[in-house]
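Residue numbers (my numbering), protein chains in the order written: chain A, 243 to 538; chain B, 912 to 1207.
Read the hints as simulated data drawn from the structure, not as lab findings. For clarity, every value in this text was computed on a predicted model and none was experimentally measured. Just to be clear, a hint being listed does not mean it is correct.
Stretches of chain B that chain A covers, calculated by requiring three or more beta carbons in the stretch to come under 8 angstroms of a beta carbon on chain A [what the hints assert, rightly or not]:
id, stretch
1, 1102-1109
2, 1139-1146
Cross-link-like lysine-lysine pairs, in silico, BS3-like; alpha carbons within 27 angstroms at most [to be verified]:
id, chain 1, residue 1, chain 2, residue 2
3, A, Lys270, B, Lys1075
4, A, Lys533, B, Lys1067
5, A, Lys393, B, Lys1099
6, B, Lys965, A, Lys400
7, B, Lys941, A, Lys400
8, B, Lys941, A, Lys270
9, A, Lys329, A, Lys313
10, B, Lys941, A, Lys390
11, A, Lys390, B, Lys939
No residue lacks a Cβ here, since even glycine has one placed at the ideal position from N, Cα and C.
Residues per chain, in single letters:
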Amino acid sequence: MALTKEQLKDIETKLVELAAKQVGPLIKEHAGTQFEAFDDKANQVDLVTAVDKKIESIIKQSLSTLYPDFKFVGEESYEEDHTVIGKEPTFIIDPIDGTTNFIHGYPYSCTSMGLVENGVPVCGVVFNPHLDEMYHASAGNGAFLNGKPLKVTERELKLQQSVIALEAGSERSSGSSGDDNFDIKQATYRNLLSDQGGYIHGSRSCGSAAMNMCMVAAGKLDAYWEGGCWAWDVCAGWCILAEAGGIVVGGNPQEWEVPVDERCYLAVRGGCSQPAQKGFVKEFWSHVAGKLKYRW
Amino acid sequence: MADTFLDLLSIEKYLCDLAVEKVGPIIKAKSGTQHTYDAKSGSRAVDIVTAIDKQVENLIWSNVKQQYPDFLFVGEESFVAGQTQITDEPTFIIDPIDGTTNFVHDFPFSCTSLGLTVGKEPVVGVIYNPHLNLLISASKSNGVRVNGEEFDVRAKKLEMGSLKLSSSVVALQPGSAREGPNFTTKMKTYQNLLSCDGGFVHGFRNLGSSAMTLAYICLGYLDSYWDGGCYSWDVCAGWCILKETGGRILGANPGEWEVPVHNRTYLAVRGCEDPQEQEEYIKRFWDCVDGKLQYN
């Protein structure tokens, strides 16, 4: 089966409603109040809270009632090596993206709800209740911010004149267990910033992959490069970005086509021609200082 | 003239009205529309200024001159290196648009930053971001206001809990100097702060605006900010507000406990209940600084 444009719009509307009425208020109410409650995930930087789990179960419950045949992959219920994203329509959900922000009350936590079919993101809703920003899109129906079409101003796209989202992430060990990701990222940041390298206008970090994807979709950032995040961090934003004329490729050079769970991405805004986007990607890749690796 | 003879609260109110009614609308309307901009004279390709910066500075200057004819004025656009001095006289120190790169790219963190020093000390500060409609203001001994409402500093401090390097979110900005020893010092220090063998901070954020970063520390969204290369007008307003919340500004280099407003390198740390804890935080932070930031 393939979902029609109309069906997708209907799903988008339902997700917007769920985000606005149920998930958003919970995130807003609990942000910045969880200091004593968080438990460790991978290490002390990667935080998960009871609210995260509670919100995921609310979303899962609602969606399984509305769409009993669709699969569900959520950050909190994900099991490494067991959870597989197949061809069937599958909701890919991050109940709270930007957990560190959420804990610190930094106003860039949001809920991120995406749907893939045949592995392709076809619907996405990202809601930041602190700034009251609802980004939403579905395949063939366009991208919107709070109901208004996202229009990226047509302009040139050049690496040197770009502002790019770059995050440190939670993986911070240098060279341990043959894993060079932290060092490669730091060297790449340096290459991009240096006057001997990309010499980009600037880098920005908001600490939320979903918000970064939406900012690129809106053309407020030119690109976002990331390694280490998960399908649920990018799935919704991916659809929103694609509908706004942007593209997602791999974070490592020459990876023009990547699956939603690649874990390493480069997102580039619209508002320019496809050759301009490709040129930007190639130039960006030339500054990547090694191969980021997330599959073993 | 001593600040005790000035009605600082009324100056704060005046600057708030100026920011919201006259400056904000221009920044909001023109953000993302300036596709032609200059590299600052004799300067780097990533250090940019637009015609609007100059226009807004003129607007602010002509207004405050009328209201406070005896006060001196230091503005980003009218500043002359080697000539402009900050004296003991009441002096407006203003950045018409802080976050010019954000302004050009329409990243929603450009703002106006209006400060007043008396006896070289920041005693009034007003920061207004029209994209987020966020106005934060303070004056010496008068506390802090957010969008005109009194801000409960004590309640916020209690909510945030203890201040520790490893559980903090730190603002870091590479800025526009991308060469030489300062750039190297910054890159190494970032790595030290992030690394699991170093500060292992919860995360870093990069907003691309010093004034907005200081505002976010005052609001309790961020714990600290470390930077070099910025100017008095980038920090003057935020400095006053931060002080009113119990926060501190020091030099970016270890041991610089007392610095003037035009120091060019800064470490800003949020307030907390225990001053001892704040001092400990500062020392631990300085331990991660690798090299020395120097600007003339």
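Consistency of the hints with the structure:
1. 1102-1109: Since three or more residues must qualify, the claim that chain A covers the stretch 1102-1109 of chain B holds, with 5 doing so at under 8 angstroms.
2. 1139-1146: violated (count 0)
3. A:Lys270 <-> B:Lys1075: The given pair, whose Cα atoms are some 25 angstroms apart, holds under the 27 angstroms limit.
4. A:Lys533 <-> B:Lys1067: With a Cα-Cα distance of about 43 angstroms, the restraint between A:Lys533 and B:Lys1067 is violated, given a limit of 27 angstroms.
5. A:Lys393 <-> B:Lys1099: 39 angstroms, violated
6. B:Lys965 <-> A:Lys400: Within the cut-off at roughly 26 angstroms; holds.
7. B:Lys941 <-> A:Lys400: 21 angstroms, holds
8. B:Lys941 <-> A:Lys270: Outside the cut-off at roughly 31 angstroms; violated.
9. A:Lys329 <-> A:Lys313: Since the Cα atoms of A:Lys329 and A:Lys313 sit roughly 10 angstroms apart, the hinted pair holds (cutoff 27 angstroms).
10. B:Lys941 <-> A:Lys390: 20 angstroms, holds
11. A:Lys390 <-> B:Lys939: Satisfied, since the Cα-Cα distance of roughly 18 angstroms is no more than 27 angstroms.
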